[in-house]
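Quick note, the sequences are listed as chains A and B, same order. Per the working numbering: the first sequence = residues 1 to 284. Per the working numbering: the second sequence = residues 1 to 284.
Since the hints were derived computationally from the structure, they do not count as laboratory data. One or more hints might be untrue.
Said to hold, decoys possible - Listing some non-contacts, in silico: residues in chain B with all C-beta distances to chain A over 12 angstroms:
| no. | residue |
| --- | --- |
| 1 | 34 |
| 2 | 36 |
| 3 | 55 |
Claimed, not checked - The following label-pair restraints were derived from C-beta to C-beta distances:
| no. | chain 1 | residue 1 | chain 2 | residue 2 | range |
| --- | --- | --- | --- | --- | --- |
| 4 | A | 270 | B | 109 | 27 to 33 angstroms |
| 5 | A | 278 | B | 245 | 26 to 32 angstroms |
| 6 | A | 59 | B | 264 | 37 to 43 angstroms |
Yeah, the Cβ is synthetic: ideal placement off N, Cα and C, and Gly gets one too.
Protein chains: 2
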Amino acid sequence: MIVGIIGLGLIGGSMAIDLKRRGFAEKILGVEADPVNAGAAEKIGLADEIVSFDECIDRSDLVVIAVPVGTAVKMLPQVLDRFAESGAKDKIVIDTCSTKSQIVRCVHYHKMRKNYVATHPMAGTEYSGPWAAMPNLFDGRACIIANAEESGAKAVSTVERLYDTLNMRPLYMNADNHDVHTAYVSHISHVTSFALALTVLDKEKDEKHIFDLASGGFSSTVRLAKSSPDMWVPILSQNRDNVLHVIDTYLDKMKAFRDAIADYDEDKVRELIEEANRIRKIIR
Amino acid sequence: MIVGIIGLGLIGGSMAIDLKRRGFAEKILGVEADPVNAGAAEKIGLADEIVSFDECIDRSDLVVIAVPVGTAVKMLPQVLDRFAESGAKDKIVIDTCSTKSQIVRCVHYHKMRKNYVATHPMAGTEYSGPWAAMPNLFDGRACIIANAEESGAKAVSTVERLYDTLNMRPLYMNADNHDVHTAYVSHISHVTSFALALTVLDKEKDEKHIFDLASGGFSSTVRLAKSSPDMWVPILSQNRDNVLHVIDTYLDKMKAFRDAIADYDEDKVRELIEEANRIRKIIR
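Between the sequences and the hints, there should be enough to build the whole structure, so can you do that?
This is the structure:
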């Protein structure tokens, strides 16, 4: 099968590596808008050919849209339009975006809707671009397939085979539920890390000391603050209502901590920490 | 040298392992108030003998206080008193606590002050107790030596040799500065993790989904929320003013994010993320 990947960054590039070497794709066609990234992707060997957007759609059996979600919502209807124009009934397009409600909504009434499968492979690092692509990135992680009932059965089964090749566990979910859940387990983590980095950078002018004193705890808590604005601005924008709801809950919890510490109320601080410790049940 | 370690948990137990096997201590005497922990420490072999507090002070050349800081501030004067009573002029006591201002202040006028060296080895995990002790925990990390000028030169040089054995980089710092810096690079990270765990646990009743959807990012951001209240209640209490100051800055940053997202102000969100990305300069 010929797989076209639009966006050869962390996600698209890592998919390219494993889909090729594990035999799912006989050929990878890559589309990369940024010329520097395109050159790097070609040198690293992420794609067999770098082609134009139109050529990618026309020559691929399966197209992967792996660009920031703000761009993806504009690109997906163009891909389905081109499928329709060229009479390509069996071609498949998927996206890999971290928010699903809006992208699913934007093609809900498209006549080629069944050729699209909405997915979110829950894997990544805080790095981006073709240099961040790596083998085995997806192994053992979960992949959401959203609103599968709106896609064609054959398309879904091909996409399941694709994610099986990447060693991912499929999870089926409604797009709106997906966006609520990811606000809690992914998006808020990024916001708290960004805020932590801003706090420390703002006050700690003597950067040498941050570096010296930062033990493993700080590094792991602040790691996500290195994440790219190109990816995160549109995510926070598209999942605005859910993210705001979670931020408000978070602010309440933080204020409860602040008040207990300010009041010298050690019993309350202990109670809050013991409650937080219940996360041990869930995260090993 | 005979080393007495009071508190055979993560820090005390890990020190015991490496000080013994690397030849700094010919014998480790352990004191452990909790009988279950004492039994475990003995079985794991963290100490050659479990002894009473008094016996530990009397028989050791160097005593390590590795208990939560609330207990340590009461214990340190007792150790120095017993040094004085028994005429032990050359014995040394150190503590390993995460806050330094209060503990240093509480023995400032003690006649045996020169026998005490205030230290903070900046290493650890989110686990606690003798089961959490491990070899090589301290390798390559920084160790603060606070107010070294108040300690005797010979005591400081012995303690430097101890931390050199643990492969730690010594950093010399005023105790008050230490507490400001650690509020930024350690204590606030714990508070943000606790608040994140509380937020997610509060709202996400379907714990299966947290587990399924939690990618590496969430796990690393929430990891510190597993930390023990026995350790953290006294730290937040003793470093109250600095911690409150940092929490207030953090709340301001979080509100700036919230407002930008609420206002659909993508330029502002991008500006905040780009500013947060500067943490890349400091944390690899």
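Exercise. Of the hints given before, which are not true for this structure?
Worked result: Every hint satisfied by this model.
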